[in-house]
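**Student:** So the chains spell out like this:
There are 2 protein chains.
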Amino acid sequence: GSYSTASSQSQQPSKLLFRQLFEKESSTYTYLLADATHPEKPALLVDPVDKTVDRDLSLVKELGLKLIYAINTHVHADHVTGSGLIKTKVPGVKSIISKASNAQADIFVETGDRICFGDLFLEVRATPGHTLGCVTYVTGEGPNQPQPRMAFTGDALLIRGCGRTDFQGGSSEQLYKSVHSQIFTLPKDTFIYPAHDYKGFTVSTVGEEMQYNPRLTKDEETFKGIMENLNLSYPKMMDVAVPANMVCGLQDVESKA
Amino acid sequence: GSYSTASSQSQQPSKLLFRQLFEKESSTYTYLLADATHPEKPALLVDPVDKTVDRDLSLVKELGLKLIYAINTHVHADHVTGSGLIKTKVPGVKSIISKASNAQADIFVETGDRICFGDLFLEVRATPGHTLGCVTYVTGEGPNQPQPRMAFTGDALLIRGCGRTDFQGGSSEQLYKSVHSQIFTLPKDTFIYPAHDYKGFTVSTVGEEMQYNPRLTKDEETFKGIMENLNLSYPKMMDVAVPANMVCGLQDVESKA
Ligand SMILES: [Fe+2]
Ligand SMILES: [Fe+2]
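Chains A and G supply the protein sequences, listed in that same order.
The working numbering applies: residue 1 is where the first sequence begins, and numbers increase by one.
The working numbering applies: residue 1001 is where the second sequence begins, and numbers increase by one.
Same shape as in the complex, but just chain A:
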């Protein structure tokens, strides 16, 4: 979907250019954000997928953007990140992931850090529980920043769901605390943009998930019981995706180095 706002403080046209992109096989959403009013139109991609890198880079080029960051919310187990491939195709792009992920990247972030692109920025919030290193990126507060805010929650909070907590340092207790303390404390009209959706939803809001999320509206004990009894199968991509994603999606290249 697309999103465009007039700043709540002024009559300026929207600074944020926003595109949501879908990779069908892994049902992954990649997000393109740019400061469209900055002369260089600096842009970033959140959770790019290796298979759709060419599509994403064509769009970046057609829109006249300058891609500066390829950002991951966490080390994905279900698809290979596009960040490594993007770096080989667009010199100068920096990859970003959380310090807590222990993965390779050019820049490591933690709670409170800001990722700036033009006059816009994303705020980093640690939201561990699906994996140890999961973070949520939230658009900033202040003049020129998009209103309502937008939260890129990775697999911490999905629309009417959440990521599994049974591997990669996952913990249902931690996930419950993360969502309640770091996401549900955002303004209720904040948009939730997850890393995946399997039912065709594209967006939700904090208020909606606080009211209707079938897992996270429960008390902590009930939530832990739900997460312990999901009986999920081992992700078929995991043994390929996780090692590759620990090195920015470039497993073969790195192992030769």
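It is possible that some hints are incorrect.
As the list claims (entries may be wrong) - List time: in silico EDC-like cross-link candidates among lysine to aspartate or glutamate, alpha-carbon distance up to 16 Å:
1. G:K1199 with A:D54
2. G:K1061 with A:E208
3. G:K1236 with G:D1078
4. G:K1188 with A:E62
5. G:K1236 with G:D1166
6. A:K24 with G:E1025
7. G:K1199 with A:E25
8. A:K199 with G:D1054
9. A:K89 with A:D50
10. G:K1224 with G:E1173
11. A:K61 with G:E1208
12. A:K199 with G:D1050
13. G:K1024 with A:E25
14. A:K188 with G:E1062
15. G:K1218 with G:E1208
16. G:K1199 with A:E208
To be verified - Pairwise CB distance ranges (calculated):
17. G:I1107 with A:P243: 34 to 40 Å
18. A:G207 with G:P1143: 25 to 31 Å
19. A:M237 with G:G1142: 45 to 51 Å
20. A:T111 with G:D1189: 35 to 41 Å
21. G:K1218 with A:E25: 30 to 36 Å
22. A:K94 with G:D1239: 51 to 57 Å
23. G:G1225 with A:H180: 56 to 62 Å
24. G:Y1198 with A:Y198: 16 to 22 Å
25. A:D106 with G:G1092: 54 to 60 Å
26. G:S1181 with A:E40: 33 to 39 Å
27. G:G1064 with A:T37: 32 to 38 Å
28. G:E1141 with A:S233: 24 to 30 Å
29. G:P1187 with A:K61: 21 to 27 Å
30. A:P143 with G:P1187: 22 to 28 Å
If you're looking for bench data, these hints aren't it; they were derived computationally from the structure.
Quick reminder that beta carbons are idealized off the backbone N, C-alpha and C, glycines included.
Position chain G with the ligands relative to chain A; hints supplied.
**Tutor:** Just chain G with the ligands now, with coordinates in the frame of chain A:
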């Protein structure tokens, strides 16, 4: 994707609640629009799909909306519309399609008509060529209306593509004229929301398609040549979907009547 605007005329919060919804099997987008600031929160669905009616109606209910219209851009050949099913499940909902489609519905529209929901409205523009009865619904102009405008183009204009023109009264000549006279004349920042996307794009703009659509940027003769040489196979759903959609998606019910 989600979309929310402050009116360009005032500091009011966004009136439009907007959700884009995806049906994976036929790669169809359904759109939910509502006037969120009206006391009744009147809402409409554009191009609902039979298989995802329950998902869509749950969302309508959770968001506290009052669904009043189920609207189709045309008689689809690739999926069965949800409008008939919606009418059986939510009494009072009226189905809408173009007069030129010759399909059944509660309300027939043609160029220049307005479909009102609360203080918001969609404008009807005839865009034949994919089918004889195709229309594009465009959000209104004026105070309170979303800015930039949004065009729901059905299969007339797709992102970097367009619908086929080889059946259902299709005509490449007509499609070329429709897109150029009815869609490319909208402001360049108008969002294009198509009925389908097969590559994971969710939105485009008039300006983008005028510059990068690989078919419609060509001259009319080249366009006609492209459309004549697509060598597409017969849509597998066509013999089921078209007769069903001519009667609002309720073929079995109607044939018993
Ligand atoms: Fe994950
Ligand atoms: Fe169609």
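**Student:** Confirm or reject each hint.
**Tutor:** Here's how the hints hold up against the structure:
Under the criterion of a C-alpha separation no larger than 16 Å, the hint pairing K1199 (chain G) with D54 (chain A) is consistent with the structure, at around 11 Å. Note on K1061 (chain G) and E208 (chain A): the hinted pairing holds, with a Cα-Cα distance of about 12 Å set against a maximum of 16 Å. A distance of roughly 7 Å separates the Cα atoms of K1236 (chain G) and D1078 (chain G); the hinted pair therefore holds under the 16 Å criterion. This hinted pair checks out: K1188 (chain G) and E62 (chain A) have alpha carbons roughly 15 Å apart, not beyond 16 Å.
Among the hinted pairs, K1236 (chain G) with D1166 (chain G) is consistent with the structure: their alpha-carbon atoms are about 15 Å apart, no more than 16 Å. Restraint check for K24 (chain A) and E1025 (chain G): satisfied, since their Cα atoms lie roughly 11 Å apart, inside the 16 Å limit. Among the hinted pairs, K1199 (chain G) with E25 (chain A) is consistent with the structure: their alpha-carbon atoms are about 11 Å apart, no more than 16 Å. Between K199 (chain A) and D1054 (chain G) the CA atoms are separated by roughly 11 Å; this keeps the pair inside 16 Å, and the hint holds.
Proposed proximity of K89 (chain A) and D50 (chain A) is supported: the alpha carbons are some 12 Å apart, at most 16 Å. Distance restraint check for K1224 (chain G) and E1173 (chain G): the Cα-Cα separation of roughly 7 Å lies within the 16 Å cut-off, and the hinted pair is therefore satisfied. Note on K61 (chain A) and E1208 (chain G): the hinted pairing holds, with a Cα-Cα distance of about 12 Å set against a maximum of 16 Å. Restraint check for K199 (chain A) and D1050 (chain G): satisfied, since their Cα atoms lie roughly 14 Å apart, inside the 16 Å limit.
Our distance criterion of 16 Å between C-alpha atoms is met by K1024 (chain G) and E25 (chain A), whose separation comes to about 11 Å. Proximity of K188 (chain A) to E1062 (chain G) is assessed by CA-CA distance (about 15 Å); at most 16 Å being required, the pair is judged to hold. With a C-alpha separation of about 14 Å, the suggested pair K1218 (chain G) and E1208 (chain G) falls inside the 16 Å cut-off, and the hint holds. A distance of roughly 29 Å separates the Cα atoms of K1199 (chain G) and E208 (chain A); the hinted pair therefore is violated under the 16 Å criterion.
Between I1107 (chain G) and P243 (chain A) the CB atoms are about 57 Å apart, so this pair departs from the stated range of 34 to 40 Å. For the hinted restraint 25 to 31 Å between G207 (chain A) and P1143 (chain G), the CB-CB distance of approximately 27 Å keeps it satisfied. Roughly 49 Å separates the CB atoms of M237 (chain A) and G1142 (chain G), a value that falls within the hinted 45 to 51 Å. A C-beta distance of roughly 36 Å is found between T111 (chain A) and D1189 (chain G), which places it inside the suggested range of 35 to 41 Å.
Distance hint check: the CB atoms of K1218 (chain G) and E25 (chain A) are about 32 Å apart, consistent with the given range 30 to 36 Å. Evaluation of the 51 to 57 Å hint for K94 (chain A) and D1239 (chain G) yields a pass: the beta carbon distance comes to about 53 Å. Between G1225 (chain G) and H180 (chain A), the C-beta spacing of about 59 Å keeps the proposed range 56 to 62 Å intact. For Y1198 (chain G) and Y198 (chain A), the Cβ-Cβ distance of about 18 Å falls inside the hinted range of 16 to 22 Å, so the restraint holds.
In this structure the hint that D106 (chain A) and G1092 (chain G) lie 54 to 60 Å apart at CB holds, the actual value being about 56 Å. Roughly 36 Å separates the CB atoms of S1181 (chain G) and E40 (chain A), a value that falls within the hinted 33 to 39 Å. The hinted window of 32 to 38 Å between G1064 (chain G) and T37 (chain A) holds, with their beta carbons roughly 35 Å apart. A hinted range of 24 to 30 Å for the beta carbons of E1141 (chain G) and S233 (chain A) is inconsistent with their spacing of about 52 Å.
The supplied range of 21 to 27 Å is met by P1187 (chain G) and K61 (chain A), whose beta-carbon atoms lie about 23 Å from each other. A hinted range of 22 to 28 Å holds for the C-beta pair P143 (chain A) and P1187 (chain G), which are about 26 Å apart.
Comparing the model with each numbered hint stated earlier shows that hints 16, 17, 28 do not hold.
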